[in-house]
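Asks: Going line by line, the protein sequences match chains A and B.
The first sequence begins at 1 in my numbering and counts up by one.
The second sequence begins at 1 in my numbering and counts up by one.
No lab work stands behind these hints: they were computed from the structure.
Where hints are given, some of them may not hold.
As the list claims (entries may be wrong) - The list that follows gives simulated cross-link-like pairs (lysine-lysine, DSBU-like), each with its CA atoms no further than 35 Å apart:
| no. | chain 1 | residue 1 | chain 2 | residue 2 |
| --- | --- | --- | --- | --- |
| 1 | A | K162 | B | K15 |
| 2 | A | K297 | B | K15 |
| 3 | A | K308 | B | K7 |
| 4 | B | K15 | A | K13 |
| 5 | A | K308 | B | K15 |
| 6 | B | K7 | A | K297 |
What the hints assert, rightly or not - With the Cβ distance kept under 7 Å, some of the chain A side facing chain B (calculated, not the full set):
| no. | residue |
| --- | --- |
| 7 | V45 |
| 8 | F73 |
| 9 | P76 |
| 10 | W209 |
| 11 | V211 |
| 12 | Q216 |
We put the beta carbon where it would ideally sit given N, CA and C, even for glycine.
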Amino acid sequence: MNAMKQMFVDVFKAAEKFFFAPVSPLSIGVFRFVFGLVAFAMYSVRFVNWRFYYTDEGFLPATASLEILPEFFRPPITWYPADPTLTLLCYIGFLIALACLTLGIFGRVAAIVALFFHIMFLQRNYAIGYGSDFIATFFFFSLVLAQNDRAFSLRAWLDRVKPEVPDSLNQYLNTIGLRLLQLHLCIIYSYTGLEKMKGTSWWEGTAVWSVIGNPQLMIFDASWLQMFPVLIALMTFMTLFFEVYFAVLVWIKGTRKWILMLGVALHGGIGVMIGLMFFSLVMLSAYIAFLDVDWLKARLQSWGVPQKLLT
Amino acid sequence: MKTSPAKQSSRTLLKIVLSLFIVFHLSAVLILPNSSSLMGRRLSWLFLDYANLMIFNRTWQFFSPGPMPNMYLEYEVETEDNALEDVRETYQWPKSNVNRFNNDFFLRTVAGMRFLGSNEVNFHKYFIPYLCRQHPGAVAVNMRSVVEQIPSIERAGEYEDFLDMQQRFDLPSQRYSCEGPE
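Whenever a hint applies, use it, and build me the whole structure from the sequences.
Replies: Below you can see the structure in the form of structure tokens.
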């Protein structure tokens with residue numbers, strides 16, 4: 001009984017440390033910069049077709065935005081505008097918020113505004129959303145929780161960050177923001193890995209061939225890989241292994257580096273071969289949350305990043 | 001520096017409140033992607049408004065249970081002038097991906113087609129009128145889904161060209177009025 005009680009106490013203490021112990025602001029700061037940049041690029045590219053995506057001239061009338069969703073998924077409130085001029089103004093506002101977020105100006109406020117607009121545009125046309133959009137929602141959320149501009153930001157560059165330790169609430173939220181970022185990535189990989197295990201093509205090792213042989217998906221012809229079926233099977237099983245075991249191996253110090261490197265290879269391949277560049281970059285940006293802070297600091301210093309951005 | 005008891009208890013209270021939020025949030029993002037499960041059926045109601053509002057309600061199914069085959073729509077436009085003609089121009093949606101290095105638009109149109117195509121009423125009510133607007137004078141479209149399967153890896157070597165490998169299957173054609181479903 002005592003051993004059981006002790007185990008509960010240990011688990012409780014470990015959870016408390018995990019979610020509430022202070023963390024360096026550098027990880028979330030660098031993540032904010034990289035993810036912000038990717039989100040800014042993603043929405044800038046989409047801006048070319050904003051009328052098609054988000055006005056009644058395009059794909060979906062505003063009156064249908066909610067109706068196309070199965071009742072189970074309908075949000076209790078929506079805030080997208082129907083007027084095209086207002087939509088355009090919101091889009092410009094969103095891009096400005098993303099630019100501020102990337103640079104590290106108005107930190108949490110910029111993240112709140114960005115999340116507000118991000119959800120708004122998803123609500124307006126859910127049909128055209130794909131992986132990178134839905135994952136980005138979780139990442140914006142982490143940036144809303146944490147004081148994301150305490151390091152690696154314009155604010156830090158201009159010496160506007162107060163040197164004192166944040167108050168309790170902010171200190172806890174900084175840690176929770178970082179931890180949820182890490183946990184969301186684990187949950188996404190685990191689910192997609194387990195979902196893949198339902199599919200025969202993943203079991204028999206041919207799923208990667210179904211992608212490589214599909215000209216609608218591929219950026220260039222890699223069908224010559226059919227000459228190496230064992231390689232195709234290996235790539236399929238490695239993908240499965242990576243996604244199913246990421247959530248475990250990334251927390252073990254000895255395997256973290258390898259699983260992250262495998263992830264970089266996987267997403268690099270997806271980005272280059274299938275052209276899912278934004279999806280890959282969004283996913284990879286979250287890897288920053290798993291990097292050792294001292295290592296990250298040393299790397300950035302070696303690239304000539306000024307000390308005041310790293311403290 | 002010693003913390004006063006009042007400050008200590010306010011910190012503890014703060015941790016309790018934040019812990020409840022963490023448990024609630026993580027339960028939502030863990031349970032809702034599998035909402036058809038027993039847990040999902042029993043507990044979804046607790047998290048649904050929060051998750052739907054924040055769009056945390058997603059399932060995570062990238063290329064699962066298996067990569068989808070190449071799929072697009074082919075259609076002919078019926079106008080009052082050509083109603084009696086046998087041969088009409090055939091259009092494709094989405095158009096082939098022309099910009100290989102920025103395929104964001106293409107991927108989104110594919111996503112949109114699949115999303116609306118998963119519900120016949122939405123498809124007819126919203127997608128067909130959009131297509132009709134692209135062809136002034138259209139009164140109806142005759143449309144079919146085209147699926148292009150690739151051969152198994154063992155048989156792929158029989159083909160000389162990448163594009164020749166595709167095996168085309170036409171699903172039954174259907175006539176959609178531009179005025180929407182009756």
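Asks: Does each hint fit the structure? Answer for all of them.
Replies: Evaluation of the provided hints:
Taking the CA atoms of K162(A) and K15(B), the gap is about 24 Å. The hint holds against a cut of 35 Å. For the proposed pair K297(A) and K15(B), the alpha carbon gap of about 30 Å is at most 35 Å, so the pair holds. Taking the CA atoms of K308(A) and K7(B), the gap is about 32 Å. The hint holds against a cut of 35 Å. For the given pair, K15(B) sits about 12 Å from K13(A) by alpha-carbon distance, which is consistent with the 35 Å threshold.
The hinted pair formed by K308(A) and K15(B) meets the criterion: a straight-line CA distance of about 31 Å does not exceed 35 Å. With a CA separation close to 34 Å, the supplied pair K7(B) and K297(A) stays within the 35 Å bound. About 5 Å separates the beta-carbon of V45(A) from the nearest beta-carbon of chain B, less than 7 Å, and the hint is met. Given the 7 Å rule on beta carbons, the hint for F73(A) holds: about 6 Å separates it from the nearest Cβ of chain B.
A distance limit of 7 Å between C-beta atoms decides the matter here; for P76(A) the minimum to chain B is near 5 Å, and the interface restraint holds. Nearest Cβ of chain B to the Cβ of W209(A): about 5 Å, under the 7 Å cut. The hint holds. For V211(A), the suggested interface contact is upheld, since its CB lies about 5 Å from the closest CB of chain B, less than 7 Å. The closest approach between the C-beta of Q216(A) and any C-beta of chain B is roughly 4 Å, which is under the 7 Å cut-off, so the hint is satisfied.
The structure meets every hint from the earlier list without exception.
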